Amino acid sequence: MSLISGLNKEFESRVRLGIMSVLMVNDWVDFTEMKNLLQVTDGNLASHSTALEKNEYIEIKKEFVGKKPRTSYKITEAGKLAFQQHLAFLEKIMRQ
Amino acid sequence: MDQKISDDLAHIRSMMESSSRFLSLSGLSGIGAGIVGLVTGTVAMYLTNGKIQYLRSNYIQPYESYMVKLLILLGASALLLAIFCGCYFTVRKSKKLGLQIWTATTKKILVQLAIPLAVGGMFVLALLQYNLYGLIAGTTLIFYGLALVNAEKYTYSDIKYLGFLEIILGCLSLFFIGKGLIFWTIGFGVLHIVYGIILYRKYK
Numbered sequence: 001m002s003l004i005s006g007l008n009k010e011f012e013s014r015v016r017l018g019i020m021s022v023l024m025v026n027d028w029v030d031f032t033e034m035k036n037l038l039q040v041t042d043g044n045l046a047s048h049s050t051a052l053e054k055n056e057y058i059e060i061k062k063e064f065v066g067k068k069p070r071t072s073y074k075i076t077e078a079g080k081l082a083f084q085q086h087l088a089f090l091e092k093i094m095r096q
Numbered sequence: 001m002d003q004k005i006s007d008d009l010a011h012i013r014s015m016m017e018s019s020s021r022f023l024s025l026s027g028l029s030g031i032g033a034g035i036v037g038l039v040t041g042t043v044a045m046y047l048t049n050g051k052i053q054y055l056r057s058n059y060i061q062p063y064e065s066y067m068v069k070l071l072i073l074l075g076a077s078a079l080l081l082a083i084f085c086g087c088y089f090t091v092r093k094s095k096k097l098g099l100q101i102w103t104a105t106t107k108k109i110l111v112q113l114a115i116p117l118a119v120g121g122m123f124v125l126a127l128l129q130y131n132l133y134g135l136i137a138g139t140t141l142i143f144y145g146l147a148l149v150n151a152e153k154y155t156y157s158d159i160k161y162l163g164f165l166e167i168i169l170g171c172l173s174l175f176f177i178g179k180g181l182i183f184w185t186i187g188f189g190v191l192h193i194v195y196g197i198i199l200y201r202k203y204k
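Order-wise, the sequence lines are chains A and B.
Last residue of the first sequence: 96 (my numbering), numbering continuous.
Last residue of the second sequence: 204 (my numbering), numbering continuous.
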């Protein structure tokens, strides 16, 4: 049971797992692209990304392209580390 | 619990793949482009028959200018047709799978393909300028192969083997001057068809 307690609660949701996975292998990813990749609603993505930002796992950049606002995401060093640890735990549990 | 974890891991893997690799590439695109290549190569050999003696070793005779224009026209239309085939089947596949087509990954793969192809194109223009037709087929094979190897990390990594084969074929053809069209037809025709079939069966 001690192994399971090592799992990061922040990554329990599928959406957060998806966001982190995409950001592990990409640089900046914008809102629309992320939404299409994960196939989630605007609100769903917004709330989960805000939660991840609060934990400083991802960085959110808001800018204007012409008159349109654009939101992009990028993983932070802390986020990378936390996700790698989470992944290592998942794999460890699977091996047992 | 175990089920959830293995689902999580599968989800992570699939998100990483689909966000960084262009997975809509259809084997049918390769087969279509290959048929175009095969027909074009055969027509070109037929047109130039007599100008190049395939049975004599390493013999080349300069083409007359109408023949050069004809071959350029043939090559350019084959290129357009092959690109059309490539796009058509790939767009069709991504619609079927419900994948996005115009993503950051698509742009990346196009840029990676375009760099060696643009340089190769310039090189071929220079060869044309100096009437060095004998080296053109090999050059197109080499730069196309380099483009595939370069784009490998953004799509099915299998395309790098096709790239290596094209490069080897291109290099070989440089030393069999006068037989370029045979190598060209094998590289752009036969190899594309074979690879298209392999890809199609593997990633259906």
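Just so you know, the hints here were simulated from the structure itself, not pulled from any lab data.
Model, not experiment: these values are computed from the prediction.
Cβ coordinates follow ideal geometry from the N, Cα and C atoms, glycine included.
Treat each hint with caution, since some may be false.
30 Å max Cα-Cα, derived DSS-like pairs, lysine-lysine [to be verified]: (1) A:Lys35 / B:Lys69; (2) A:Lys35 / A:Lys80; (3) B:Lys153 / A:Lys80; (4) B:Lys107 / A:Lys92; (5) A:Lys92 / B:Lys4.
Chain A is faced by these chain B residues, among others (derived, beta-carbon under 10 Å) [claimed, not checked]: (6) Asp7; (7) Met16; (8) Ser18; (9) Thr42; (10) Ser77; (11) Leu79; (12) Leu80; (13) Ala104; (14) Asn150; (15) Ser157; (16) Asp158.
Label-pair distances were calculated between CB atoms; the ranges are [what the hints assert, rightly or not]: (17) A:Lys35 / B:Ser77: 50 to 56 Å; (18) B:Ala10 / A:Asp27: 55 to 61 Å; (19) B:Lys69 / A:Thr41: 55 to 61 Å; (20) A:Asp27 / B:Asn49: 48 to 54 Å; (21) B:Ala10 / A:Lys54: 51 to 57 Å; (22) B:Arg92 / A:Ala51: 16 to 22 Å; (23) B:Lys95 / A:Ala88: 55 to 61 Å; (24) B:Ile83 / A:Glu63: 32 to 38 Å; (25) B:Lys204 / A:Met94: 46 to 52 Å.
Do the hints match the structure? See the list:
Under the criterion of a C-alpha separation no larger than 30 Å, the hint pairing lysine 35 of chain A with lysine 69 of chain B is inconsistent with the structure, at around 49 Å. Among the hinted pairs, lysine 35 of chain A with lysine 80 of chain A is consistent with the structure: their alpha-carbon atoms are about 21 Å apart, no more than 30 Å. A C-alpha spacing of about 21 Å is found between lysine 153 of chain B and lysine 80 of chain A, which places the hinted pair at or below 30 Å, so the restraint holds. A hinted pair counts as satisfied when its Cα atoms are at most 30 Å apart, and lysine 107 of chain B with lysine 92 of chain A does not qualify at roughly 37 Å.
A hinted pair counts as satisfied when its Cα atoms are at most 30 Å apart, and lysine 92 of chain A with lysine 4 of chain B qualifies at roughly 14 Å. Nearest Cβ of chain A to the Cβ of aspartate 7 of chain B: about 9 Å, under the 10 Å cut. The hint holds. Given the 10 Å rule on beta carbons, the hint for methionine 16 of chain B holds: about 5 Å separates it from the nearest Cβ of chain A. With its C-beta approaching chain A no nearer than about 6 Å, serine 18 of chain B sits inside the 10 Å limit, and its interface hint holds.
With 10 Å as the threshold, the beta carbon of threonine 42 of chain B stays out of range of chain A, its nearest partner Cβ sitting at about 43 Å, so the hint is violated. A least Cβ separation of about 35 Å between serine 77 of chain B and chain A goes past the 10 Å threshold, and the interface hint is therefore violated. The interface hint given for leucine 79 of chain B is broken, as the beta carbon of that residue sits about 30 Å from the closest beta carbon of chain A, more than 10 Å. The interface hint given for leucine 80 of chain B is broken, as the beta carbon of that residue sits about 30 Å from the closest beta carbon of chain A, more than 10 Å.
Hint on alanine 104 of chain B holds. Least Cβ distance to chain A is approximately 6 Å, under the 10 Å limit. Interface restraint check for asparagine 150 of chain B: the shortest CB-CB distance to chain A comes to about 18 Å, outside 10 Å, so the restraint is violated. Because the beta carbon of serine 157 of chain B sits about 14 Å from the nearest beta carbon in chain A, more than 10 Å, this interface hint is broken. For the restraint placing aspartate 158 of chain B at the interface with chain A, the shortest Cβ-Cβ distance is roughly 19 Å, beyond the 10 Å limit, so the hint is violated.
Distance hint check for lysine 35 of chain A and serine 77 of chain B: the Cβ-Cβ separation is about 40 Å, which falls outside the suggested range of 50 to 56 Å. In this structure the hint that alanine 10 of chain B and aspartate 27 of chain A lie 55 to 61 Å apart at CB is violated, the actual value being about 24 Å. For lysine 69 of chain B and threonine 41 of chain A, the Cβ-Cβ distance of about 57 Å falls inside the hinted range of 55 to 61 Å, so the restraint holds. Taking 48 to 54 Å as the suggested C-beta distance range, the pair aspartate 27 of chain A and asparagine 49 of chain B conforms, at roughly 53 Å.
Taken as a hint, the range 51 to 57 Å is violated for the pair alanine 10 of chain B and lysine 54 of chain A, whose Cβ atoms sit roughly 27 Å apart. Here the CB-CB span from arginine 92 of chain B to alanine 51 of chain A is close to 38 Å, at odds with the stated 16 to 22 Å. The given range of 55 to 61 Å is broken by lysine 95 of chain B and alanine 88 of chain A, whose C-beta atoms sit roughly 38 Å from each other. A C-beta distance of roughly 35 Å is found between isoleucine 83 of chain B and glutamate 63 of chain A, which places it inside the suggested range of 32 to 38 Å.
A hinted range of 46 to 52 Å for the beta carbons of lysine 204 of chain B and methionine 94 of chain A is inconsistent with their spacing of about 28 Å.
Violated hints for the displayed structure, listed by number in ascending order: 1, 4, 9, 10, 11, 12, 14, 15, 16, 17, 18, 21, 22, 23, 25.
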